[in-house]
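Below are the chains, spelled out letter by letter.
Number of protein chains: 2
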Amino acid sequence: MKQSLLFVPTMKEAPKDAEVKSHRLMSRAGLMKQTASGIYTYLPLGQKVMNHIESIIREEHDAIGASELLMPAMQPKDLWEESGRWYEYGPELVRFEDRKEREFCLGPTHEEVITAVVRDHIDSYKKLPLALYQIQTKFRDELRPRFGLMRGREFVMKDLYTFSESEEDLDYWYEVSKKTYRKIFNRIGLDTKIVASDTGQIGGKVAHEFMVMSEVGEDTTVFCDTCEYAANKEFAGLSSGDACPNCNEGTIQEAKGIEVGNIFKLGTKYSESMNAYFTDRDGLRKPLIMGCYGLGVSRTLMAAVEQHSDENSILWPESITPFHLHVLPLKMNDDVALQMANDIHDALLKTHSVLIDDRDERPGVKFKDADLIGIPYRVIVGKDAKDGKVEYINRYTGEKSVIDKDELIAKFSG
Amino acid sequence: MKQSLLFVPTMKEAPKDAEVKSHRLMSRAGLMKQTASGIYTYLPLGQKVMNHIESIIREEHDAIGASELLMPAMQPKDLWEESGRWYEYGPELVRFEDRKEREFCLGPTHEEVITAVVRDHIDSYKKLPLALYQIQTKFRDELRPRFGLMRGREFVMKDLYTFSESEEDLDYWYEVSKKTYRKIFNRIGLDTKIVASDTGQIGGKVAHEFMVMSEVGEDTTVFCDTCEYAANKEFAGLSSGDACPNCNEGTIQEAKGIEVGNIFKLGTKYSESMNAYFTDRDGLRKPLIMGCYGLGVSRTLMAAVEQHSDENSILWPESITPFHLHVLPLKMNDDVALQMANDIHDALLKTHSVLIDDRDERPGVKFKDADLIGIPYRVIVGKDAKDGKVEYINRYTGEKSVIDKDELIAKFSG
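First to last, the protein sequences are chains H and E. Numbering (the numbering used here) for the first sequence: 1 to 414. Numbering (the numbering used here) for the second sequence: 1 to 414.
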């Protein structure tokens, strides 16, 4: 892919309201652009990463037997009256009237819709369990949109809903979803902690959050440096430096947390209020037992930038990088170098995603932009091109070498 | 994949408001379900087809050098005031206020947003051309939602926008997009006609629609049975049976048309009003020359059902079928047959997508549902299983044969 066609508007300065590193970097690297307060356009480089994150989420959800569907953003008031949330939910719920003055909201979450979808068709335990998920755009009218994609008003989420005949089966899906989330975040290269949380506006009995430890974030989290223990500081009663309650070796540290996932044992809150009943193995009529499991796709993108960057450069994990290789011909009027850069691009395109910086810019600009946008393997085609050689940099290891063009191609084709 | 886990709620009866065949079939086959008037949930089988259609669209757009981005659904009033459309657009535009009483609309189209995204960064002809697309949920508050996904209020579209330095370059992209649309619809197995159209609420100078000829649809179209000629009847002045104006052999026929794509030469309507200027090769400041190209993803799904079905059964084109093979064990208490069905499922899963009907239902129900949901290759595992044999049906050709299990596996693994 030619960088000139991709539309990567890099910038020297971040927007003034960008308080956190990932927000600054995502703006400067041309990953996203603000369209209104808390509302962003994902530019091509950012969208490529989003697509990779979504593919990983789909693979891991399909692997546990969950099926993808797509529910609407426009949700009719009557469903939210059934659950009782139309009046409980605060001004974060975007409400409006259609042309016939019927009331709607823009879904921040889909418990009502999924319950309405399922209740007409699941009449017996024989049709259970059921696990349905979607990757979809959600809306929450935050009072103070902040931190870029972290507290936005329009965002992309994966939400999974499970329907069970028993508490034991709900427990099973809850544990499966925890494992699935760990797997997804591991694949994406995100280090997360699991924290017990309150159930808030979603409701239910038990809930956990997946948090990325960071210098920024909305909640202060205490966590153990050697085991899985982590908790919301407000509830934990522990201070940084304390010995840890559940493991012998670690000590407690403190950090802000970026919430990238939250899972809830809903129980029968929605099925009872919305009349979603089934006939159990003993012939008794019972409400469906539900779980819901959210994963912030756009937040995950931002958290990945926060964790894999310094102030002037991103380094994408291999699983979600927008391109594997970045080929930089340093002078666009050096025909030998340009030809070699194009040859490398074309040869490696069969097995890798390759970006070539074909812009007529000074080498310094190309290097700075390359650091900023974060592609892990870099090939610099400069004055050694006349001897058939390029400079190769593995940004993960810092390894640099001047090697033969053919050797480079063989290295990546092997 | 087990059919019991997939959530395919087939129905004997279609909803009463389903006036057209595809709407009836999509409801009965468990492809979609209405959530509110003109607002649908895509169920897992329908979503699988949508994902295939989207993959084909992405491949063909990436192939012409277009880059994917994602713009927001919530669009601020000020952008629509700049273009002048805030006051021009009718009540189909969903308008609402956020919690701070700022006005927004839900995008039915994204000319304003894309122009605002691009104008800050494209200052020179050196950065042109540019082709940016998204696959995104759109909103149009239809007065009378009708025909299922054909005239819905929330729908999925691909929209491409091009930015050129000259009329010639716009002409180039317009022709490229036409070719790309033909390729996409061919790959999906949709027979389309191209009809000149008016520019309506989008604006611009030249526009064409891609129409699927059908018994239903919103416009009456006249078309030639042997050449590419087609036109909106209102403007064509031709009647069914007429000789065709542009080719010698064909005769004019009449049909309704389902619009699945529309393309526009916008020119400078948005760039002039929204101040999106660049410096051309002569150093002059000029407005960007734009094109926009819409393709209805959910409409394409519906049109594919309309074209590839009869009243009680769908037959998916191979490129978008939700599964390739449908394995039907006829009796769930016949251990030999069930084991064989599972073996076939597992063996073919490596190279094909396979659905196994593991429901404890009568054979008649399984056959009816299998016809309805439309998977092209069917394997029936019944009483011949004890002799190692299954019945294989190729629904495209109608070919039926009783063959050895291993022969079947070899046939699909070859």
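Honestly, the hints are just simulated from the structure, not real lab data. Be aware that one or more of the hints could be misleading.
Copies of the same chain look alike in the list, so a pair counts if it works inside one copy or between any two.
What the hints assert, rightly or not - Straight-line alpha carbon distances no greater than 27 Å define the calculated DSS-like cross-link-like pairs of lysine-lysine that follow:
no. : residue 1 : residue 2
1   : K205      : K193
2   : K233      : K126
3   : K183      : K2
4   : K350      : K21
5   : K331      : K21
6   : K16       : K100
7   : K400      : K183
8   : K405      : K12
Against the structure, the hints come out as follows:
no.	hint	verdict
1	K205 / K193	within (20 Å within a copy, 56 Å between copies)
2	K233 / K126	neither (44 Å within a copy, 53 Å between copies)
3	K183 / K2	between (33 Å within a copy, 23 Å between copies)
4	K350 / K21	neither (35 Å within a copy, 44 Å between copies)
5	K331 / K21	neither (32 Å within a copy, 60 Å between copies)
6	K16 / K100	between (42 Å within a copy, 22 Å between copies)
7	K400 / K183	neither (32 Å within a copy, 44 Å between copies)
8	K405 / K12	neither (33 Å within a copy, 65 Å between copies)
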